[in-house]
Amino acid sequence: MKKPLVTLCVLIIMSSSTLAQFSIGPRFGINLASVSNDPDYGSGVEQSSMLGFIFGASVELGIAGPFYIEVQPLYIQKGEDLKAQVAWNTQQGQQQLDTDVSDRATYLEFPVLFKIKIPAGPIKPYGFVGPNIGINLSGTRTFKSSAGEEEQDLNASSIDFALDFGAGVSFGVMPMMSLTFDVRYSLGLSNVLDVETPQGGTAPSANTRGIQLMIGAMFGL
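Under the numbering used here, the residues of the sequence shown are numbered 1 to 221, in order.
Since the hints were made in silico from the structure, they are not lab data. These numbers were taken from a predicted model, which means no experiment stands behind them. Some hints here could point you the wrong way.
Ranges between beta-carbon positions, derived for each pair [unchecked claim]:
no. : residue 1 : residue 2 : range
1   : Asp194    : Leu32     : 20 to 28 Å
2   : Ile123    : Glu150    : 48 to 56 Å
3   : Asn37     : Gln92     : 27 to 35 Å
4   : Pro66     : Ser205    : 36 to 44 Å
For glycine and all other residues, C-beta sits at the position ideal for the given N, C-alpha and C.
Can you build the whole structure from these sequences, using the hints too?
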């Protein structure tokens, strides 16, 4: 009788420990986004990063000891800014004008991060790495010049694969609640351009890049 009772107690303790390592919470941040193009635009085009917003949630599950898996469904803005000479139809005919070009795309992303925490009391540094799949929700390219403003759909593929890695720290503020701060780099691995390959040539490619700062709160369940 004692042996089944001891076994039951051990199972209850293990279950409680597992549940204590499950947490969920919101995430907010910014994405310093850019695009790596092949071939490059050339010397006549000035390329720069754009600032996008991130918000979503995080679900974290403890595996064993300091090892965790974290899934983060996120809404994120990506893109780039360009300055170039673009042909415009004006009252004086077609003219080459200085033009600001803004590429903007929004994605629903699902990073799956393998995480290790360094136990150091209420303050826990951590590092993480993992794959990320993004589903394209919308995309626009906007042209602005002295002749006016035009907008067109962005030829973006429906899926973006990336590798995310970074580090951060969590602060325990009360039992079963902590605040998190992390920085990560998102390295796009797939071509996000949806264009046809020219006959006898190679299709241009573009890969997303992002330096991301995120804050959040985690609540143990």
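Quick rundown of the hints versus the structure:
1. Asp194 <-> Leu32: 20 to 28 Å: Since Asp194 and Leu32 have Cβ atoms about 24 Å apart, the given range 20 to 28 Å holds.
2. Ile123 <-> Glu150: 48 to 56 Å: Taking Cβ atoms as reference, Ile123 and Glu150 lie about 51 Å apart, which means the hint holds.
3. Asn37 <-> Gln92: 27 to 35 Å: The hinted range 27 to 35 Å holds for Asn37 and Gln92, with Cβ atoms some 32 Å apart.
4. Pro66 <-> Ser205: 36 to 44 Å: 38 Å, holds
Of the hints listed earlier, there is not a single one the structure fails to meet.
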